[in-house]
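Student: Listed below are the residues making up each chain.
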Amino acid sequence: MAAVTLEAAHSRAELLHQPRSNKLGLWIFMASETFLFSALISARFITSGVQKPEDLNQALAFGLTCVLLVSSISAYLAEAFIATGHRRAFLAATRVTIVFGLIFIGGVMFEWREALHNFPPGTIYGTAFFSLIGLHAFHVLTGVLGLAVVLNLGALGHFGPSNSWPVEGVVKYWHFVDLMWVIIYPALYLF
Amino acid sequence: MRREWLVVGAIWAALTALGEFVVTTWTMLPEGYSRESHVVNEAYVLLLVMAVPVFAFMVTMLGYSIVAFRHPGATEDGPNLGNNKRVVWIWLAVTAALDLAVLINPGFVGLRDIRGTQSADMAIEVVGQRWSWTVTYENGATSTTEMVVPVDTRIRFDVTSTDVLHSFWVPGFGLKVDAVPGRTTQMYVTTERTGDNADDSRLRVQCAELCGLSHADMAMTVRVVERAEYDAWVEDLKNNPPAAAQQAAGATATTAAGEQNDQQAGAAAGQEG
Amino acid sequence: MRPLFRAIKWGIGGYLLGAVAAWVMAGASGPLNGPIEVTVGFIAGLIGWIFGIGGWNNWGREWFGLPPKDDGKDDWRRYFRFNTDHKVVGVQYLVAFIAVMGIGGIMAMLMRLELARAGTDFMSEETYNKVMSMHGILMVAVAVAGILGSFGNYLIPLMIGAQDMAFPRLNALSFWLIPPVAVALLSAPLLGSFEAGWTAYPPLSVLAPGDGQLLFNMGVIAFGLSSILGGLNILTTVTTMRAPGMTWGRLPIFVWAGFSASLISVLFTQYFAATLVMIQLDRIAGTAFFDAKAGGGTLLYEHLFWFYSHPAVYIMVLPAFGVSLEIITHFSRKPLFAYKAVVGAFLTIVGLSGIVWAHHMFTSGMANYFHAPFMALTEAISIPTGVVFLAAIGTMWKGRIWFTAPMIMATGWVFNFMIGGITGIFHADVATDLQLHDTYFVVAHFHFTIIGGSIMGLLGGTFYWFPKITGRMYNERLGKIFALWVTIGLNVVFLPMFWVGVNGMNRRVAVYPADLQRVNEFISAAAFLLGAGFLLFIGNLLWSAVKGPKASDNPWNASTLEWSVSSPPPHHNFPLLPEVVGHPYEYGRPGARHAVLSTTGATHG
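Chains as they are written, first to last, in our numbering: chain A, 3 to 193; chain B, 73 to 345; chain C, 560 to 1164.
Treat the hints as calculated values from the structure; they're not laboratory data.
Given the structure is predicted, the values throughout are model-derived calculations rather than measurements.
Treat the hints with caution; some may be incorrect.
[Unchecked claim] Selected chain C positions facing chain B (Cβ under 8 Å, derived; list incomplete):
1. Glu-684
2. Arg-728
3. Met-934
4. Trp-956
5. Arg-959
6. Thr-970
7. Thr-991
8. Asn-1062
For each residue, glycine too, the CB sits at the ideal point set by N, CA and C.
My request is simple: use the sequences and hints to build the entire structure.
Tutor: Structure (C-alpha cells):
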C-alpha cells in the first residue's frame, strides 16, 4: 500500500516537473545547435570572406526563403490550433507545413544540380555553400520527420489543449531551423 | 593561533629560500645559441622564481594541515568557519597582482624582445615536406641535409610547407614556427654563439608538429659558424651540386621525402649530435 | 541480455545496409570499406544499434502511437540493457570508462616501452603513431566523460533530492552511444593509417591514406553527441528537479562543478563536431576547407578545434574540482571555505574558457596582434583557479582531517594539479611557449593537469562513493597504498619529462636524440611501476564489490543528501521525499541540518 502511494507521488512529481524540463531541454539543445551553425558560418567567412560567384540562382534562393518563412506561420498556426483544441485545423496546418518543408528540400536539390556545375565542392565557395546548405537541409529534413510523427499521432487522436507539448516542441524546433536559414541566406547569397 | 602561523611562516620561508636557491643555481635550461633563446631562458627562470613562493605556500599549508590537524574517524567536527571575506579578497588581490606581474614581465616584455623588431640581415627560405626540410640561402644555394648559418647575424626564416603542417624548430635557437601549407610564416633569430650539431643535439632542425609516418625523423643538423666560414660554405654549396655538398658536410641526416626510410638511419638523424 | 544481442545484430545489419546503399548510390570505390561506405555505414549502424538496444522500444513505438515497452527485469542484467535509472547509467559509465582507461593505459605502457630506447626497437614509427593517437583519444574521452558520466549521473539527482534525471531515456541514450564509439575508435587503426593524433590536424588528417581517420571522425562525432546530451540532461536536471528548499546557494559543490562543466560541453562540443565534419567532407565529398591550393586553410581548423578543445580541458577538470572539494570538506569536517567564491570561480572559468583558445597557436603563424590578448586572458584564468586552491587549503585549515584513501587522492589532487597549473603559465607566456610548445614539457604539463586533475578526481570519487554505490566497503589499507602510489608516482614519471622537454625532445615521436636516453629509461621504468599500481586499484575494487564488508548508509558520517539514503540507494532514491533546510556543509554548528526527509512526500513538487 505504502509503495503504491509512493509511486503515485513520484509520477505526480514527474508530471509537475516535466513540462518545465522539456522546455528548458529544448532551449539548451537549440543553443547548442546554434554553436554548430556558427562554426560553419564562421568557416565560410574565414575561408572566402564575403566573395560569392556570379552565377548564384538568386531567384530560387529568394523563393525558398519565402517558402520557409511562410511555413513558420503555418507551423505557428498548427501549434495555436492544437492548444485551443481545433484538431482538424491543426492537422491541416501541419500538413501544409510539411509540404512547404518538402518544397524547400526539393528546391535545394534542384539548386544543387546547377551548383555542382557552377561552383563544385572543390572550390572554396562551393565548400561553404554545400556544407552550410547541406547541414541546414538535414535539419529541415529532421524537422519534417518530426512534423510527420506529430501529424500521425495527432491523426490518431493523441494531442489536445492540455497535452500539446510534442507539437509545441517540434514547432519550436521548426522555427529554430527557419531562424538559422535567415542567417545562412544572407551569409551565402547577399553579402 | 599565533604560534601556528609562526610555524607555517617559518616553513614557508625556509621552503621558499630553498626553492629559490635551486631554481636560480640549477640551470635546467641549457644555454642557447641565439639572443632569443636567452630571452626564453630568462623568462623561464623568472617564472620559476615567481612560482616558488606560491608553490611553497601551498605545500606548507597542505603539509602542515595534514600533519597538525589529523583526526582519524568522523567523530568530531572542526570549527564552523565557512567563509572569511577578508581572506578571500586578500587572496584575490595577491593572485591578481601576481598575474599582472607575470603578464608584464616576462609576458609583454618577452613578446617585445622576440617579436619586436621585424628587420633582418639575411633571409633564409625553409620548405617543409614529408619528411625533410629544404633550405634555400640568399644566393640561391639549397641544402637538404644540413643548415649552416653565420654567427652574430639576425636571420629571418621564411617558412612554408608543400603538403601538411610541420613546425620549424631549432631547440638551440629557442624558437619554433609552424610551416603552413599555402602561407609563409616568419621567424627571426639572432645568432650569438657558434656551435655544431656534433657537440649539441639541440642544434638541429626538428619537425615539431605531427606530420605522419616519419615525423620523428624529419630532422636536419645545424651548424652556427663564423661569417667568413659561412660565406665560403654557401658559395661552395652554390658551385658544387648538392650531392657534393652532402659529402663535404659529412651529414648522415635526413631521409628522402616520401620514402619509407630505414628506421635506424632515421633515428640517427637525432642521435648524430 | 536479449536487447544487447539485438542491438549488435541491428548494428551490424545497419552498417552493411548503409554501406551497400552508399555503394549502390555513389558507385564508389569498394563495396564495404570505401570512404563513403564507411561513413554512411557507421551512421546506419549507429542508428541500428541505438534502435536495437532500446531506442525502438522507448521512442520508436511512441512515434507510431504504440505504448513504450520495457525489456528485462531488474536483476544484474539491468546493467547490460537500455536502463533509465540514473544509478544504473552512472555505474555503466563508471565501469565502461575505467575499462577504457585500462586500454588507454596499456597503450601508454607500449609507448613507454618503445621510448625506453632512442631508436625504434620495439615498434615501427607507424605503429607508434597509431598507439599514440589511440592513447590520446581514449584518455581524452575518459577525462571528458569519466566523472561527469559516472558520478554526474549517479550523484547529481541524489544530491539535489530528485528521483532521477530530467530526461531518463536521454540519459540511457547518451551512455549507449558510447559502445559504438569505442568500436569505431578501436577498429580505426585496422582500416589503415591512423596517425594524426587526437587533435586530427589537417591537412594530415585529410591526406593520410587509409580510412581509419574516417572512423575516428565518426566515432568522435558520436561521442560529442553523447557528451552534449549528457550535459543537456545535467543542466536541465539541476535547474528543474531540485528538491524543495534546495536553492542554488545550497547545492553541493560537486553539483555546481557538474553544472559548470555541462555548460561548456553543451555549447562548445559542437565546434569539435563541426571541425570533424569538415575533415570528413574534405575526405569524402572533395570540399576544400583545408586545401590551401583551393583557398582553404589549416588555421581555420586550429581556431575552430581549440575553440572547443580548450574549454574541453575544463569539462575534464571542473568535475574533479567538485569531487575533490567535496571529499576535502567531508574529511576535514569543516564547511567548505568560501563556497560562494568557489561557485563564482567555476562560472568565471566557464566564461573565460571560451575566449582563450588561441594560446594553443602561438607558433601557428597566426597574426601577431592575437598574441598579447590571448596571453593576458589565459593568464587571467589562474585567478579563479587560485580561488579553488584557496578553498581547498582554507577548508583543511584547523579541520579534523581523516586521512583516508579518498582524502589522500584529494590532497594529492591539490598538489599535482598545482604543478600542472604552474607549468601552464609557461605555455601561456608567449616567450617560453615558443620554445616549449609541442615538446615533452607540454606532455608533462597536461598529464599533471589531466591525471592530477581529472583522473585523480575520478579515482578519489570512486573510493569515496564506493560504499554508497556497492553497499560494501573497499579495503582501506590497499586503497591508501594505491592513493599514495599514484600521487607520488605521477611526480616520479612526469617531472623528468619537463627536463627532457627543455632539452629538446619533441612530443609524438618514437625516436629521439640519444643523449636523452638515460632519462627516458628512468621515465619508462617509473611509468611501468605506476601502471602496475592500477592492478591494485582494480583488484581492490573487484574483490571488495563482491566480498568486502557491508558498508553502513553513511560510513563517512557526511552531511550531503546521498548519504541519507540506504547503500545502495533504493530505486526511486528517496523513500521519503527530502526537504532541504540548510547549507550542505554545516559542520561544527550544533543542531544544523542540511535536509529533513519529510513524511508528507506526496506534496512534493
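Student: Now tell me if each hint is right for this structure.
Tutor: Here is what the structure says about each hint:
1. The beta carbon of Glu-684(C) is positioned within 8 Å of a beta carbon in chain B (closest approach about 6 Å), and the interface hint is therefore held.
2. The interface hint given for Arg-728(C) is broken, as the beta carbon of that residue sits about 38 Å from the closest beta carbon of chain B, more than 8 Å.
3. The beta carbon of Met-934(C) comes within 6 Å of a beta carbon in chain B, closer than 8 Å, and the hint placing it at the interface holds.
4. At about 6 Å, the closest approach between the beta carbon of Trp-956(C) and any beta carbon in chain B falls short of 8 Å, and the interface hint on this residue holds.
5. Interface restraint check for Arg-959(C): the shortest CB-CB distance to chain B comes to about 4 Å, inside 8 Å, so the restraint holds.
6. About 6 Å separates the beta-carbon of Thr-970(C) from the nearest beta-carbon of chain B, less than 8 Å, and the hint is met.
7. With a least beta-carbon distance of about 5 Å to chain B, the hint placing Thr-991(C) at the interface is held under the 8 Å criterion.
8. Interface hint at Asn-1062(C): satisfied, since its Cβ lies 6 Å from the closest Cβ of chain B, which is below the 8 Å cut-off.
Hint check: a violation occurs at hint 2 only; the rest are consistent with the structure.
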